[in-house]
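*Asks:* Here are the chains, one letter per residue:
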Amino acid sequence: MTAATVLVVVALVQGAFLTLLLMFLLTRRLLFPSTRDRFAEARAAIDEAVRQWLVAEGPVSAVRDAISALPSAARVGYVAHLARGLVPAEQRPSLVTALRYEPWVRQALAGARSRRWSRRLEAARALAFVGTAGDRQLLGTLLADPHPAVAVAAVSALPGVADDGLVAQVVDAYPSLSPFVRGFLDLTLRELREPVTRVLVSRMRMDAPTLALARRIALAEALDLLPVLDQAMALRGHVDADVRAAVARAARRLPRDATVQLLARMTRDADVTVRVEAARSLGELGPGSVPFLGGALHDTSWRVRRQAALSLALLGERGRLALREARADADPYVRDIASLVSGLSDGALLEITAR
Amino acid sequence: MTPGLVDALHRTLWWADHAVLGYFLVINTFYALLLILSIPELWEHWRLADNEHLQRLLASDALPPLTIMVPAHNEEVTIASSLLSFLTLEYPHFEVVLVNDGSKDATLSVLVREFDLYQVPAPYPTLIPTKRVFGVYRSRKHARLVVIDKENGGKADSLNAALNAARFEYVLAVDADTLIEPDALLRLARPFLLGTHVAAVGGTVRVANACRIELGRVVDAKVDRRWLPGCQVVEYLRAFLFGRLGWNRLGGSLIISGAFGMFRREYLLAIEGYRTGNVTEDMDLVVRLHRYLYEHDIHAKMPFIPDPVAWTEVPTTVKVLHRQRERWHRGLLSTVITHRGLLFNPKYGKVGMVSFPFFVFGELLAPVVELFGYLFTALGLWLHAVDWHFALLFFLVAVGYGSLLSVWAVVLEDVSFRKYRSRWDFLRLLAFSIIEGLGFRQMTVWFRLHAFWKYFRGHEGWGTMTREGFGPARVKP
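Chain order of the listed sequences is A and B. Throughout, the numbering used here is defined as the position within the first sequence, counted from one, plus 114. Throughout, the numbering used here is defined as the position within the second sequence, counted from one, plus 186.
Bear in mind the hints are in silico, worked out from the structure with no lab data behind them. Honestly, I wouldn't trust all of these hints.
Stated by the list, open to error - Pairs of lysine to any residue, SDA-like flavour, derived with a Cα cap of 20 Å:
(1) B:408 x A:140
(2) B:408 x A:144
(3) B:327 x A:463
(4) B:327 x A:434
(5) B:605 x A:151
Unchecked claim - These stretches of chain A come out as covered by chain B in the derived footprint (C-beta under 8 Å, 3 or more residues):
(6) 256-263
(7) 448-461
In this text, a Cβ means the ideal position worked out from N, Cα and C, and glycines have one as well.
Turn these sequences into a full structure, and let the hints steer you where they fit.
*Replies:* Take a look at the structure:
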């Protein structure tokens, strides 16, 4: 084959491919609306059907049919969207029943054991709305999925499916999950506060593994589980600084004199992070913390001094007064940090101290 | 000329032409491979971007805090509005460190006035040496803002100063005149949500010329009617949508745009930050980062993500485009020479065996080969050693292949993000895809050849990049 022949072949293939691409583009653009437009149109129809169904003026089958009329790629996405509490709990079972045996839902759920993560993701997303108690085993598998996107989607299915056993499984796995799956669990487990409390209370022991303990305290703090946090305060003397720091951080959820005293002691902890967390929490516990934060301004660590100053600035007039006095302190480090924080506006202060 | 000499010349020209043809086929086959690899990548990112659960997570506190580093030099006209657009990005935790790099205009006084700055002691150690820092400022209006005023030392030096001051684990390098889409940082953070160990992440840069811009945001993407910026719209689409995306599956690109790239600070400090004196500090940084990761057996990725978008203004005159392209190619040449030890070095894995050789043979030497191709063909035609049908066919195939790749980039854009909503913009995009290979491409080949001349003469400057600006409606501070 000569070079010219090669070029002719390349030119023909290239020309054919270019023509096909151009035809595809022009047909798509000029004759068909975009997927986004089709989705918007179908979405408007669903919203109307859902509205009528919610006020008992329309049948659930209309909602099912409207969802089924969405572009195929968008159906499971819309079902996952419904899982975000848009349907009242008492009406949810009838819609779940209506959808559960739709061919596209069954097809999506069948992908739960697929080798392709995208199919497992679709299964987890579908399960988030149509999942029932019978799906516990399937959900357990998806929760342990190595792809975080699948695990995160599966977490959404927990409120509809979980029993105490599954919650215990999730809480036990919690410390070893990636930070982002943990973050998502924090959002989702709010709907399962009672079983989570029961499990965490039984796991809050001094002899538990350190990392697990610190992360469970953080979970209890994120979910504001007061019985668990009460029990966690007993871990203030734990040998591991991570656990003590978690205790100091969580203590802000328990606004009482005993907590202020506990945190005051923790501002003298040997570990810097514990002292920073204690100073931060004191700033959220009212003017009774001011004397202790004033003491923390003299800490040897810049991080603790900075946090103590920020906390004082957040404590209203008494805190501001303490900061003004600190600007004339004999210690230049105290003067510097007090001047720096005093110069911040209220908005800037809130922005910088936002957790 | 003796018949023997003529015959030898004919044979040489025949071989040279076929060598150029071979080069052309190999390089374009590689581009086709990138094109094919970009499809599953784009599909995967598209699916993840659409994931309701990840979107919920993006709105939570689960994202890592980051520092946005903004080098600024003589930007008094636009700095207040640009900075405000950075400060109002959608992201839970971030700070902005702006470095005034010895501006001779009123950049600093504008900042002091608009953001109510006050000077503070520098509360951080100087981990990377930089030119002298005159002062560090904080804002009474925006606690997220830190301004560093320093002696002029260039962009790399400014970024190093910002790196010293950065408080957070991840840093995002942006140009002061870049417009970042409000949700771009959230999208850029997706690899972290997926638990990937990431050393750096690159996002897409698109052309802002002719777009409708309100309050520092691109509200309506448009394709410039003018030939020069119009061709660059297509060029940017091609470079980002399938070029860099395809590299994700081949060991990672060697370029993360300096206008929009996120890095892990720990690694940047380990390689002593940006190298001053290099005119394409972004490429040099990424190559050194690859080297560092391989040499220390760190399995961290440097993915490119297509959906986070930053918009930038491109040159609208041939003169400025010439300076820009010459500088880019000179930077590439300098980086390749500095890191020549990577070439076909198996110690550096895919980077040493695939990415780096491609940048040497497919990018750096491409204009040289193309020039020789034109010269040999002209000489061959003159000496009747090359058939003119063959030469014309070769030229048309080369131009056609470029158009094919550009149209493919337009297809990817249209089936995924479809930023250009109007039909006229779409048709304009197609038109520029077709005509880009006739004139624009040859012109940039010339500019890139000029880089060799300047490099070997020891030229190290950046050249002045004049811009039209985004107009007064950009931001109302």
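*Asks:* When you check the alpha-carbon spacing of residue 408 of chain B and residue 144 of chain A, does it fall within 20 Å?
*Replies:* Within the cut-off at roughly 18 Å; holds.
*Asks:* Is residue 327 of chain B close enough to residue 463 of chain A, meaning Cα to Cα at most 20 Å?
*Replies:* Holds, at about 10 Å.
*Asks:* How does the segment 256-263 of chain A fare against chain B when you require at least three residues with a CB closer than 8 Å, holds or violated?
*Replies:* holds (count 3)
*Asks:* Within a Cα-Cα threshold of 20 Å, do residue 327 of chain B and residue 434 of chain A meet the stated pairing?
*Replies:* holds, 19 Å
*Asks:* So is the segment 448-461 of chain A in contact with chain B by the C-beta rule, three or more residues under 8 Å, or is the coverage claim wrong?
*Replies:* holds (count 6)
*Asks:* Measure nothing beyond the straight line between the CA atoms of residue 408 of chain B and residue 140 of chain A; if it is 20 Å or shorter, mark the hint as holding.
*Replies:* Since the Cα atoms of residue 408 of chain B and residue 140 of chain A sit roughly 18 Å apart, the hinted pair holds (cutoff 20 Å).
*Asks:* Check the hint pairing residue 605 of chain B with residue 151 of chain A against an upper bound of 20 Å on the C-alpha distance.
*Replies:* Holds - the C-alpha atoms of residue 151 of chain A and residue 605 of chain B are around 13 Å apart, at most 20 Å.
Consistency note: the structure conflicts with none of the earlier hints.
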